[in-house]
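Asker: Here this note's numbering is used: the sequence shown runs in plain steps of one and ends on residue 243.
A couple of the hints might just be wrong.
[Said to hold, decoys possible] Listed next, the in silico DMTMM-like pairs over lysine to aspartate or glutamate satisfying Cα-Cα at most 25 Å (straight line): (1) K224 / E39; (2) K78 / D120; (3) K223 / E39; (4) K119 / D148; (5) K223 / D48.
These are calculated hints, taken from the structure and not from any lab test.
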Amino acid sequence: MKIDKEEIIGKLRQDILRWEGFRPRKPGESGSFGLGEIESAFPNGDFPTGAIHEFISCCPEETAATGGFIAGLVQKLLSGGGACLWISYTRRIYPPALKLFGIDPDRVIFVDVPVQKDVLWVTEEALKCEGVAAVICETKDLSFTDSQRLQLAVEKSHVTGFVLRKDVKKVNTTACVTRWQIRPVRSQLRTGMPGVGHPRWQVELLKVRNGKPGSWTIEWKKQSFQTVIAPQVSEPARRYA
């Protein structure tokens with residue numbers, strides 16, 4: 003009887019993780035998202051797909067750094083086919099720059115929404131399209147109700163969504179599976195080469211369901227994420243709950 007109860011509880015836990023975007027690996031599938039040490043922060047070591055990821059940004063420099071980091075994640079998602087929708091009310095991304103992260107600009111559909119309040123509605127409709135590999139949304143405000151609607155949409159379509167919140171003054175509670183903050187870090191110059199080195203970020207995973215938040219210094223090199231400094235895992239802060 004005890005074994006039966008443990009099996010039932012174990013199955014329920016796996017079901018809950020699957021509903022939240024943490025899907026079990028298929029036979030022969032590595033499951034790696036190329037995030038290196040960061041993947042240890044997720045349940046079962048798997049980056050949650052078919053879920054909503056929230057990125058907060060406090061200044062233009064952080065917004066630019068976050069856009070680059072998200073592009074590195076989208077590269078992995080596009081490898082399985084489909085297209086990416088990039089929805090915003092003030093587009094600042096330079097499409098040719100996406101090639102640095104292994105993305106052909108013609109794989110991305112840019113949707114410019116003139117009215118900011120309509121951005122989330124357009125995003126929700128885009129997330130319902132099962133043929134889309136990823137949806138990126140740039141907005142300022144994201145209420146708990148808004149995030150719930152987005153999360154419900156991806157639970158049916160299994161599309162992965164990224165919400166980049168710009169000029170955030172106060173962090174509120176949302177239903178997103180993760181919350182990140184990406185800051186630019188001075189790159190290391192290549193030996194004998196003038197200019198700048200590989201893109202480098204301070205990556206903070208502020209919240210992750212059933213996982214372990216932490217902070218890492220990450221570099222984009224050879225079309226992949228590489229950890230520069232060992233992670234410093236911390237407990238989630240209440241204000242980011």
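Asker: The structure should be examined with respect to each hint, and the outcome stated for every one.
Answerer: Results for each hint:
no.	hint	verdict
1	K224 / E39	holds, 17 Å
2	K78 / D120	violated, 28 Å
3	K223 / E39	holds, 15 Å
4	K119 / D148	holds, 11 Å
5	K223 / D48	holds, 21 Å
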